[in-house]
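Visitor: Quick mapping for you: the protein sequence lines, in order, are chains A and B.
153 is the number that the numbering used here gives to position 151 of the first sequence; each next residue is one higher, with no gaps.
204 is the number that the numbering used here gives to position 163 of the second sequence; each next residue is one higher, with no gaps.
Treat the hints with care, as some may be off.
[To be verified] Computed list of chain A residues with no C-beta within reach of chain B, every gap over 12 Å:
1) Y79
2) G117
3) R156
4) A268
[As the list claims (entries may be wrong)] These stretches of chain B come out as covered by chain A in the derived footprint (C-beta under 8 Å, 3 or more residues):
5) 69-80
6) 96-103
7) 283-289
8) 296-307
9) 322-332
Treat the hints as calculated values from the structure; they're not laboratory data.
Where is the CB? At the ideal position from N, CA and C, for every residue including glycine.
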Amino acid sequence: MTTKNQKKTEAGITQEGRFYSAERLHAMHDMMLYIRRFEEKAGQMYGLKKIGGFCHLCNGQEAVCVGMEEASEPTDYMMTSYRDHGHILARGSDGTAVMAELLGRAGGIVGGKGGSMHMFDVSKNFAGGNGIVGEQVPIGIGFAFASQYRDDKRVSITIMGDGGVNQGAVYESFNMASLWKLPVVFVIENNQYAMGTSLSRASAETHLYKRGISFKVPGVQVDGMDVLEVERKMAEAIEHARSGQGPIIVEMMTYRYRGHSMSDPATYRTRDEVDEWRTGRDPIARLQLQMIDAGLATEADFKQKDKDIKKEVVAVAKAAEAQPEPDLSVMWDDVITDEIPNAYPYPRQVG
Amino acid sequence: MAKITYREALNQAMCHEMERDDRVFLMGEEVAQYNGAYKVSQGMLDKFGPRRVIDTPITELGFAGLGVGAAMAGLRPVIEFMTWNFAILAADQIVNAAAKMKYMTGGQYNCPMVFRGAGGAAARVSSQHSQAFENWYANIPGLKVVMPSNPADAKGLLAASIRDNDTVIFIENEINYGDVGEVPEGEYIIPLGKAEVKRVGKDITLVAHSRMTGYALMAAEELAKQGIDAEVVDPRTIRPLDEETILASVAKTNRAVVIEEGWRFAGIGAEISARIMEKAFDDLDAPVARVTGKDVPMPYAANLERHALPSVAEIVEAARVTCNRA
């Protein structure tokens with residue numbers, strides 16, 4: 003956060019009065035590209051049947067992951083649904099542990115117990131990775147409640163999609179968060195499709211930032227394909243929540259390039275539509291152009307970076323794959339904390 | 042020892058735990074200003090203030106989830122459901138979140154919290170407000186299920202549940218709230234997972250929990266008049282179950298009746314009788330009998346309601362059949 007208000011003489015980009023140093027821009031770019039290549043690798047590994055179950059990739063949504071992380075403090079809480087790889091990587095969790103989790107390995111970030119949908123990292127205050135649509139939203143206000151209870155000024159960044167926002171739990175949460183002025187930023191990643199259902203087929207009010215009106219929760223709409231706008235608007239929203247003004251909704255307009263999950267060919271949208279977002283509004287290409295225009299990098303620099311990051315991701319996948327599967331004995335670990343001996347069901351045994 | 046009600050005993054346990062640990066708070070519908078729908082939280086708002094005793098909107102899923110998040114963040118929530126009938130709305134947070142959080146996160150997060158409230162059949166409130174759910178929750182790894190049958194147990198078990206580091210489903214009984222009994226003063230803890238023999242006997246074992254423990258004790262008195270000396274075992278904790286105490290009793294009496302207010306199909310009695318069959322088959326002189334609620338939604342009319350619930354007479358009859366005395 004030290005880079006926010008540095009002297010304008012330093013190389014960088016100033017947008018809407020907010021200065022981004024070259025170093026910071028490179029870091030944001032590199033993380034977005036890392037997430038992109040990581041997800042591509044995950045898709046590839048899934049195709050090879052090395053990753054099982056459900057796997058939801060976030061290609062196209064990288065600016066949301068990275069911009070939010072840039073705007074938040076490491077002590078702020080963050081939780082999302084099952085499209086979680088990008089968020090946990092942006093939070094700074096170990097890529098090898100995330101990949102190992104996808105592969106069901108011992109060194110997975112939750113020890114191979116969760117898989118794609120259940121990425122958690124308590125050391126990064128990342129609370130999932132929740133598989134039931136909308137489930138994380140009441141949990142998110144619970145973290146905000148704890149922050150208010152202890153008065154430690156931590157903000158809960160509670161993320162959901164345009165599908166999740168139709169769950170009743172979300173409105174119960176909007177109401178309580180507003181009633182008690184809990185420090186929470188509700189982020190709606192509007193990628194315009196809840197699985198195969200377009201927003202207009204599922205939502206009577208398609209401007210999702212307005213969904214808090216009945217609960218007096220203000221909302222803003224953000225271009226989620228512009229990492230700098232995401233960072234700026236999130237910084238404002240987080241400040242709003244941290245300063246005691248209560249919750250706020252940030253609707254991120256974004257797009258996922260891939261299907262809902264690996265088994266989804268996404269035939270419910272046209273190739274033209276996908277191309278419009280993919281080639282016209284891609285968040286990584288956009289930042290690259292801005293940085294080239296500002297003289298902070300060249301096209302060749304980015305080509306080299308891409309090579310390096312691809313190599314890094316290959317190494318991550320290799321390291322993850324080299325790990326053993328979890329030992330069978332861990333199956334019994336962490337079901338409960340206070341085990342009671344001689345009581346049925348017996349801890350760690352059958353019968 | 043002072044004689045106090047079941048509801049006052051619960052109140053004492055919560056107050057004591059809140060005095061010793063600032064992380065503990067009580068949240069639910071009408072718990073604060075109204076002093077609790079069943080007056081369990083009487084006076085707690087005055088004692089602890091609105092930071093720690095919190096009235097919620099009618100929004101079970103929402104505040105159950107808030108509790109889960111707060112527990113993950115390090116607090117020790119006590120979440121009150123006015124009754125367990127309404128907790129079905131919150132089942133996603135209890136079953137999909139709280140019960141699995143420790144496992145699913147590889148031990149990184151856990152949910153040390155208590156969900157508590159009135160369960161079982163109430164009086165004349167029909168189908169949606171009179172049901173037993175302990176078998177639902179007892180089926181789920183990651184949850185503990187606790188059901189006190191008298192005021193002293195209510196205090197000791199609730200205090201232990203609040204201190205426990207797992208998610209505890211604490212099911213009180215609506216009819217028992219006014220029951221009076223001797224309750225130890227000050228700190229009083231009953232370890233979870235420990236059954237208690239409520240009446241010593243040698244001819245037959247009656248296993249019963251919650252309100253049915255009282256029924257079993259009444260049945261035992263009636264059986265005594267008929268020359269049958271019944272032992273009454275109250276598991277107190279449904280999950281994990283103190284199998285040892287139940288099996289030791291059956292080893293002595295060689296006969297057992299399991300009594301529960303809930304429905305027969307896949308109920309607690311089914312589990313306990315299966316355990317006895319698996320582990321004490323050679324001890325048995327007769328098949329284990331079950332006395333349960335009838336397999337119908339609870340009817341309203343007084344006579345139908347009585348008929349739908351287990352009765353002392355049914356327990357006596359089942360015990361007589363099991364003892365070849367019918």
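Visitor: Are there hints from earlier that the structure breaks, and if so, what are their numbers?
Guide: Hints 1, 2, 3, 5, 8 and 9 contradicted; others consistent.
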